[in-house]
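Residue strings, one per chain:
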Amino acid sequence: MENFLAQITTIEGFAFYLFSALTIVLFWITVMSKNVLYAMTALASGMVLISGFFFILGADFLGVVQLIVYVGAVMALYSFAMMFFDATRNIKENNTNSAIVFVLGGLSALALVLIFAAPIHNESIQALYPMHEGVGNAQDVGIILFTKYLIPFEVAAVMLLVAMIAGIILAGKKMDNSLTESMDEDVEDEIMKRKDLK
Amino acid sequence: MIGLTHYLIVSAILFSIGLVGVLRRRNLLMLFFATEVMLNAVNIAFAAISHYYNDLTGQMFAFFVIAIAASEVAVGLGILIVLYKKNGSIDLDDLVSMKG
Amino acid sequence: MENLIYIALFAPLVSSLFAGVFAMSPRATFVGVISSILLLVSFFASAQLAYFVYSTNAVIHTTMMPWIMAGDFFVEFGFVVDHISVTMMTVVTLVSTVVHIYSIGYMDHDKSFNRFFSYLSAFVFSMMVLVMSDNFLGLFIGWEGVGVCSWLLIGFWYHKPDVSRDENPSISPSWAANEAFIMNRVADLGMLIGIFILYWSVGSLKYDVVFATLPHLSETVLTTAALALFIGAMGKSAQFPLHTWLTDAMEGPTPVSALIHAATMVTAGVFLVIRANPLFAMTPEVSFFIAGLGTFVAFFAASMALVNRDLKRIIAFSTLSQLGYMFAAAGLGAYWIALFHLAAHAFFKALLFLGAGNVMHAMHDELDIFKMGGLKKYMRWTYIYMGVASLALAGIPVFAGFFSKDAIIETAFNEEAYVLWGMLVVTAGMTAFYSFRQVFLTFAGVPRYDTHHLHPHDMYRYVLIAMSPLALLAVFAGFFKEEFEAFVTHLLPSYHMSEHTHHLVGLLTVIVLGFAIGGIYLAYKKYYNGLKRDEKCENSFIYKLLVNQYYIPHFYEEFIAKPYTMISQKLWQEVDMKIVDAIVDAIAYFFYNSGDVTRRMQTGNLSHYLNWMAAGTAVLLLAAVLFA
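Taken in sequence, the protein lines are chains A, B and C.
Quick note on this note's numbering: the first sequence kicks off at 1 and runs consecutively.
Quick note on this note's numbering: the second sequence kicks off at 1001 and runs consecutively.
Quick note on this note's numbering: the third sequence kicks off at 2001 and runs consecutively.
Worth flagging that the hints you see were computed from the coordinates, not collected in a lab.
Check before you lean on any hint, since a few could be wrong.
[What the hints assert, rightly or not] Here are the computed distance ranges between Cβ atoms for each label pair: (1) C:GLY2616 / B:ILE1068: 20 to 26 angstroms; (2) C:TYR2592 / A:LEU18: 31 to 37 angstroms; (3) A:LEU18 / B:ASN1087: 39 to 45 angstroms; (4) A:ALA73 / C:TYR2592: 50 to 56 angstroms; (5) C:TRP2572 / A:ALA99: 51 to 57 angstroms; (6) C:GLY2616 / A:ASN3: 36 to 42 angstroms; (7) C:THR2617 / A:ALA138: 34 to 40 angstroms; (8) C:TYR2592 / A:MET164: 47 to 53 angstroms; (9) A:ILE24 / B:ILE1068: 23 to 29 angstroms; (10) B:MET1098 / A:ASN3: 52 to 58 angstroms; (11) B:ASN1087 / A:PHE146: 52 to 58 angstroms; (12) A:ILE24 / B:MET1098: 18 to 24 angstroms; (13) C:THR2617 / B:ASN1087: 26 to 32 angstroms.
All of these numbers come straight from a predicted model, not from anything done at the bench.
Glycine included, each C-beta is placed from N, C-alpha and C at the ideal position.
Using the sequences and the hints given, assemble the complete structure.
Given below as structure tokens:
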């Protein structure tokens, strides 16, 4: 208890406990809420708070990316998606038997906590890409990302591009009829139009 | 001082919350939310390990996790919309077509 | 010279493959002609090699390719052409060529004409591998190869149905083929064990290496190896108690009987003993056992031939008997005499069989000599050929058999094995009797067949001409005894009669001749003027015993085949169905049922799958906690 008090009185400790408590509550709401709007709002807030964790941990760049990508892009996508489905109405679903859920979830949580709470014995872990004192986190990340992780980075870029195109096509086309067929019709229409113009 | 263990435990708890969501929900959109929760929980663990071992690898991984999560959302939502157009529902109980 | 070796070896294989291509096509004479020409090529190559070895006394070794390389185990496809193998090669290819040409005429009306040539040539190839190999494993491959070809050829008319033993003692061609194959397999196990023992204690299978190492081996190893190898030889050469297959093998076409079951394959056992003579020379007990068994079989088989009525079976029994002579000679240490008798026997026995084939052809496959007679009018050349061959077989001077068989009998005397000598002399008399009983019953006297329906005629002229080399050799081969001895004793231990025997040679020859001529005279007296059946004699116990081959086939049937069938039935019903099958079925049912149960897991609902996945994760995590 004293230890806890000592920790909570530092800025870092206070921030950690605050963020922890808030994220847990917010994510719990996300998972349990019947209303999609509430759930999404809670998720967005939780993600903002997680970027807070990143800032505490000195991963400034990651925190910013988290804000931009998750809170900015992903959440925006979700809100657009939500517009397809009736968001104001409560979701009706047959939730899985809560006994199973809590037994499995609880067991996993317990096991994970036990694993992580155990002291890590191996002290010989060597930093593969150590951080540099006096250099900004963004700069450090950039150097590593564009040297050692260049190929994964490029692959990730291509993957994002593919995902973008896939998302556009899936969501943007009427899927009732074949893409190629409709294209043929379009082309025919175009030809007919040109003929008419002549 | 707050140690690595604290972060890992928070991460574990958040992950389990995500798991509970995955187990519990039948609505596909909510399932997506739950997976986001799990991914974020893992990201916290990566960032914490990166910080405490003074190693950038963890952040790199978190970075790629975010990239993957973003593309997953893009494709996943596209499929979700198509499914909705086709079936008028995104409830897993209504999408049973491969019963063995 | 290497090219000649490969030509001699592979010409029969090419012939077999060529004929095999046409196996399914209708009868085509050119297949037989080309096969015969290829065999002739092989014979010329062998003869040239023989001349080369004779003139230079060189031994040719050649290695075609490495064969098995597994750790320390190393065997090459190697061939050796020395005095022994070249003798065998010449004999085998000569007889084969004659038999091939003969078969063109004999198999004329058979619809599987082409297939027959394929098998026959394959046999010659296997036999060549057997005699030419320079190691025991190659010999074994040839050994099995001739076994397979023998099986194929005995069962050549596989479509004939099984009949009872009283009607036909060999039941059916396919039955006889299986009997031959299985009996040989039993013996081959012994041979394999012998080869294993040799490899185990020597570390190589090459003849040269093995024989050079023999003096360093213990007596027990030598004795077991020699005995095991001889068991293999007993099977192939149909020695007692594995002899019954040879007479049943007469179900095959007659050229096959001539080539395989008289002249070549059955002598493989004798060849093995001659080839491994250093081993047998070092194990006097085994050698004496071989001599004793050989003598016994010579007598035993001749006694059964005395009363048999089947033309081919009589010759088969005489083959058995002559093989016994060869083993007797080899067992007594006179290896070159055994080889000499082998070669001489190959010529006159093949001739005898081919003559029998002519008779069968004329009599429309009738084999009972009691239903023939008077054929000499219609089949003069066959009569002459068979008469010559029988004279050679009986050991009448001038003919080949006299020189070789007389030498064996002298050897027995020289070794002071007087019991063996006595039995061999008596056997010589019996041989003369049954050979001429058969000749006279077939050719002399009055016809006992249905003269209205059967109009016997001699074989085609070219067939008779093709047989002439054998006839010439049956007459003149004996004159080359001295040269032959000088030739093969370069490699084989020489054998000399003692002074004492030398003095008595004249007397011994007269005794043997007396028995032989006595036998012929008896046959002449009894059968030349037609068949007079003696009811009292035919009903006597000894006659019945001999006709039924000492009841040995019945004994095998009752005490081996039937109990074996019974045990197999029991094992099938009790062990196989109730234990083995039950276990296999239980495993299948387990998977089937478990699949049926777990099928319910696949509900098609993704949420359920996620639950299962989470359960699996939880279990793994718990395991990590508990066992970390």
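Results of checking the hints against the structure:
1. For GLY2616 (chain C) and ILE1068 (chain B), the Cβ-Cβ distance of about 22 angstroms falls inside the hinted range of 20 to 26 angstroms, so the restraint holds.
2. For TYR2592 (chain C) and LEU18 (chain A), the Cβ-Cβ distance of about 59 angstroms falls outside the hinted range of 31 to 37 angstroms, so the restraint is violated.
3. Taking the beta carbon of each, LEU18 (chain A) and ASN1087 (chain B) are about 43 angstroms apart, inside 39 to 45 angstroms as hinted.
4. Distance hint for ALA73 (chain A) and TYR2592 (chain C): a CB-CB separation of about 51 angstroms, consistent with the stated range 50 to 56 angstroms.
5. For TRP2572 (chain C) and ALA99 (chain A), the Cβ-Cβ distance of about 55 angstroms falls inside the hinted range of 51 to 57 angstroms, so the restraint holds.
6. Restraint check, GLY2616 (chain C) to ASN3 (chain A): a C-beta distance of roughly 37 angstroms satisfies the suggested window 36 to 42 angstroms.
7. Between THR2617 (chain C) and ALA138 (chain A) the C-beta distance comes to about 36 angstroms, which sits within the given range of 34 to 40 angstroms.
8. Distance hint for TYR2592 (chain C) and MET164 (chain A): a CB-CB separation of about 48 angstroms, consistent with the stated range 47 to 53 angstroms.
9. The hint said 23 to 29 angstroms for the Cβ distance between ILE24 (chain A) and ILE1068 (chain B), and at roughly 24 angstroms that hint holds.
10. Range check, MET1098 (chain B) to ASN3 (chain A): Cβ separation about 53 angstroms, and the 52 to 58 angstroms hint holds.
11. About 45 angstroms separates the C-beta atoms of ASN1087 (chain B) and PHE146 (chain A), a value inconsistent with the hinted range of 52 to 58 angstroms.
12. Against the hinted window of 18 to 24 angstroms, the Cβ-Cβ separation of ILE24 (chain A) and MET1098 (chain B) comes to about 36 angstroms, which falls outside the hint.
13. Distance hint check for THR2617 (chain C) and ASN1087 (chain B): the Cβ-Cβ separation is about 29 angstroms, which falls inside the suggested range of 26 to 32 angstroms.
Checked against the numbered hints listed earlier, the structure breaks hints 2, 11, 12; every other hint is satisfied.
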